[in-house]
Amino acid sequence: MPRLVSHPDEVKIVSKRFGMGAANIDRYIELGGYEAVKKCIAQGPEACPAWIINEMKASNLRGRGGAGFPTGLKWSFVPKQSAKPKYVLVNGDESEPGTCKDHLIFLHDPHAVIEGTMIAGLAVGAKMGFIYLRGEYRYLLTIMEKAVADAYAKGFLGKNIFGSEHEFQVVTQTGAGAYEVGEESALMESLEGKRGIPRIRPPFPAVVGLYGGPTIINNAETIASVPAVISMGAAAYAAVGTERNGGTRLFCLSGHVERPGVYELPMGYNLKKMIYEVGGGIRGGRKLKAVVPGGSSTPVLLPEEIENLGMDFDQVGKAGSMLGSGGVVVIDDQTCMVEFALRTISFYQHESCGWCIPCREGTDWLKKSLTRFHAGFGTEKDIDNIRYLAENMMGRTFCPLGDAAAMPTLGFVKKFRKEFEDHLNGKPCPFAKQGAVELTVV
Amino acid sequence: MSAETMSVFSPKLARRFDALVEKYPVKRSALVPMLLYAQDEIGYVSDAAITEIADRLGLTELDVKNVASYYSMLRFKPAGRFNIQVCTNISCMLRGAYDVLDRFQKELGVGNKGIAKDGVFSLEEVECIGACCWGPAIQVNYDFHDELTPDHVPGILSGYRGQAKAKEGF
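Chains as they are written, first to last, in this note's numbering: chain A, 1 to 442; chain B, 1001 to 1170.
Just to be clear, a hint being listed does not mean it is correct.
[Claimed, not checked] Using 25 Å as the maximum straight-line C-alpha spacing, the simulated DMTMM-like pairs for lysine to aspartate or glutamate come out as follows:
{"no.": "1", "chain 1": "B", "residue 1": "K1023", "chain 2": "A", "residue 2": "D9"}
{"no.": "2", "chain 1": "B", "residue 1": "K1167", "chain 2": "B", "residue 2": "E1147"}
{"no.": "3", "chain 1": "A", "residue 1": "K418", "chain 2": "A", "residue 2": "D382"}
{"no.": "4", "chain 1": "A", "residue 1": "K287", "chain 2": "A", "residue 2": "E277"}
{"no.": "5", "chain 1": "A", "residue 1": "K194", "chain 2": "B", "residue 2": "D1047"}
{"no.": "6", "chain 1": "A", "residue 1": "K367", "chain 2": "B", "residue 2": "E1127"}
{"no.": "7", "chain 1": "A", "residue 1": "K194", "chain 2": "B", "residue 2": "E1022"}
{"no.": "8", "chain 1": "B", "residue 1": "K1023", "chain 2": "A", "residue 2": "D314"}
{"no.": "9", "chain 1": "A", "residue 1": "K287", "chain 2": "A", "residue 2": "E243"}
{"no.": "10", "chain 1": "A", "residue 1": "K146", "chain 2": "B", "residue 2": "D1047"}
{"no.": "11", "chain 1": "B", "residue 1": "K1167", "chain 2": "B", "residue 2": "D1102"}
{"no.": "12", "chain 1": "A", "residue 1": "K367", "chain 2": "B", "residue 2": "D1102"}
{"no.": "13", "chain 1": "A", "residue 1": "K367", "chain 2": "A", "residue 2": "D314"}
{"no.": "14", "chain 1": "A", "residue 1": "K57", "chain 2": "A", "residue 2": "D314"}
{"no.": "15", "chain 1": "B", "residue 1": "K1012", "chain 2": "A", "residue 2": "E167"}
{"no.": "16", "chain 1": "A", "residue 1": "K272", "chain 2": "A", "residue 2": "D314"}
{"no.": "17", "chain 1": "B", "residue 1": "K1106", "chain 2": "B", "residue 2": "D1151"}
{"no.": "18", "chain 1": "A", "residue 1": "K127", "chain 2": "A", "residue 2": "E46"}
{"no.": "19", "chain 1": "B", "residue 1": "K1012", "chain 2": "A", "residue 2": "E277"}
{"no.": "20", "chain 1": "B", "residue 1": "K1023", "chain 2": "A", "residue 2": "E339"}
{"no.": "21", "chain 1": "A", "residue 1": "K194", "chain 2": "B", "residue 2": "D1040"}
{"no.": "22", "chain 1": "A", "residue 1": "K287", "chain 2": "A", "residue 2": "E46"}
{"no.": "23", "chain 1": "B", "residue 1": "K1106", "chain 2": "A", "residue 2": "E339"}
{"no.": "24", "chain 1": "A", "residue 1": "K127", "chain 2": "B", "residue 2": "D1151"}
{"no.": "25", "chain 1": "A", "residue 1": "K272", "chain 2": "A", "residue 2": "E361"}
{"no.": "26", "chain 1": "A", "residue 1": "K194", "chain 2": "B", "residue 2": "D1151"}
{"no.": "27", "chain 1": "A", "residue 1": "K127", "chain 2": "A", "residue 2": "E165"}
{"no.": "28", "chain 1": "A", "residue 1": "K194", "chain 2": "B", "residue 2": "D1063"}
[What the hints assert, rightly or not] A short, non-exhaustive set of chain A residues, derived as facing chain B with CB atoms under 7 Å:
{"no.": "29", "residue": "A47"}
{"no.": "30", "residue": "R138"}
{"no.": "31", "residue": "A176"}
What the hints contain is simulated information worked out from the structure, not anything from laboratory work. All figures in this text were calculated on a predicted structure; none of them were measured in a lab. Idealized CB from N, CA, C, for every residue including glycine.
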């Protein structure tokens, strides 16, 4: 069972029911569950959609999957009238390396996901929602399925939810192993029983999505935040975060910190403080070398770049990286950045769906170059070649996977050029193997 | 003969599939879960399973194979009874995942994607499994084991060996 952690600086909104047995529907209700959706229904069938969307807009909630798109705005793009049925899609294909927050949401608070899906459905006039979990999360799918069955048994889901005229059905779905399916249009393909190849946009999912119908697709954490926004009120939620970055974020602190774990902190929380106070500092009393702020696709930051860095979408963007999926990976001074870059690109090479050539070929050549480089057979020219390859992937693919592979690579080469140079001319890697960390700590 | 007795799947799974295809607005949406559940029962996605799934969904076998080949969890030949999947992605790597993988390789005498001689275990190096804050982490079939060191490896193996023996009545 994944260990739960706690820190006094946490503001528990999404995680407030973690560890409280809220996977049980009665317990969830006892803890105030399903009140938010009732509050929405109480607005009346006419006023309800606009009321919800206005609340979402005012809350400054932004997509927790990585892109940080304003949720209320996204929902407002769904046309009111549609010949085809509309759908709500919950993206629980959590696969960005460094990210494990949705894991805890499904484990501890599955009903919050259901309730958020229902509210999204009310907002856009959808009668059906899908909750898609990555295939590896089988035990979490079992929990989710039970939660859905319990909600049906209570009459919360189905034809007349809470005795209203609204209908809402929820279907859970499993993936079968594919990072690419975390991309919104690839996820729809997968849910339609196809290979997870991204679609060309426009049209965007809000207009033409699942089965060709208007679809809103949101990350599981975004959806789990929705009932909280409605319950506490948009203004109160927005006040927790920073300007244009409402609420909290589940930050997944991993790597070389003393106390790794998922911490719920207000948007804009200082990254240095997060590492040194919340995470207890660098393991074994070592020094910080670098930090990946938002999952493996976000460019690495140096210690001097995090001094005054508030963790919200805008500030991290200004610092040249991205808040991404909330996966904060901390790297100590005994780590070989070439090896780290190689491991990062190996992942994207493995996961590239192969549709766009810059991504398929680019990730493959980057992996080959970095493998050779790390083994000590690189040349000076290779460093520039790696950079050149990565630059030429940027913006030239249908989905963000190409960028996701290129962005961190560019960061590594730019910020750690010296380490690349240290590997030149057949020198062995100047760092001990990663695994040696355990052995050398006194 | 009823459709059920002709199925390559157990009656329980066949009934589950009957219900599954009804869940979606479009039948084909059941494809990915069906492939995975078929593998869970048979141990891999067999030709016979592909034929029956294609038939149930009104698809061609080629179409089903085409989809199946995309997903990394699906395999087309048997693995060990317990497939050990060691995550070595960045967060786990930083905390010693490769040492854990090495230890599994040593204990089992197999490399990546190898099946140990006894057939009880197979070993696989996998990408991020969503347990980054509790790394190094592995999955044995669908069970997570986290915060591991190489010294946890023998205990994990003997636990599953015990399960295998109990089931086969050795």
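Hint by hint, here is what the structure shows:
| no. | hint | verdict |
| --- | --- | --- |
| 1 | K1023(B) with D9(A) | violated (44 Å) |
| 2 | K1167(B) with E1147(B) | violated (28 Å) |
| 3 | K418(A) with D382(A) | holds (13 Å) |
| 4 | K287(A) with E277(A) | holds (14 Å) |
| 5 | K194(A) with D1047(B) | holds (19 Å) |
| 6 | K367(A) with E1127(B) | holds (15 Å) |
| 7 | K194(A) with E1022(B) | holds (18 Å) |
| 8 | K1023(B) with D314(A) | violated (41 Å) |
| 9 | K287(A) with E243(A) | violated (32 Å) |
| 10 | K146(A) with D1047(B) | violated (32 Å) |
| 11 | K1167(B) with D1102(B) | violated (28 Å) |
| 12 | K367(A) with D1102(B) | holds (22 Å) |
| 13 | K367(A) with D314(A) | violated (31 Å) |
| 14 | K57(A) with D314(A) | holds (17 Å) |
| 15 | K1012(B) with E167(A) | violated (31 Å) |
| 16 | K272(A) with D314(A) | holds (17 Å) |
| 17 | K1106(B) with D1151(B) | holds (12 Å) |
| 18 | K127(A) with E46(A) | holds (16 Å) |
| 19 | K1012(B) with E277(A) | violated (52 Å) |
| 20 | K1023(B) with E339(A) | violated (46 Å) |
| 21 | K194(A) with D1040(B) | holds (20 Å) |
| 22 | K287(A) with E46(A) | violated (58 Å) |
| 23 | K1106(B) with E339(A) | holds (23 Å) |
| 24 | K127(A) with D1151(B) | violated (51 Å) |
| 25 | K272(A) with E361(A) | violated (37 Å) |
| 26 | K194(A) with D1151(B) | violated (42 Å) |
| 27 | K127(A) with E165(A) | holds (11 Å) |
| 28 | K194(A) with D1063(B) | holds (9 Å) |
| 29 | A47 | violated (29 Å) |
| 30 | R138 | holds (4 Å) |
| 31 | A176 | holds (4 Å) |
Hint violations for this structure: numbers 1, 2, 8, 9, 10, 11, 13, 15, 19, 20, 22, 24, 25, 26 and 29, all remaining hints satisfied.
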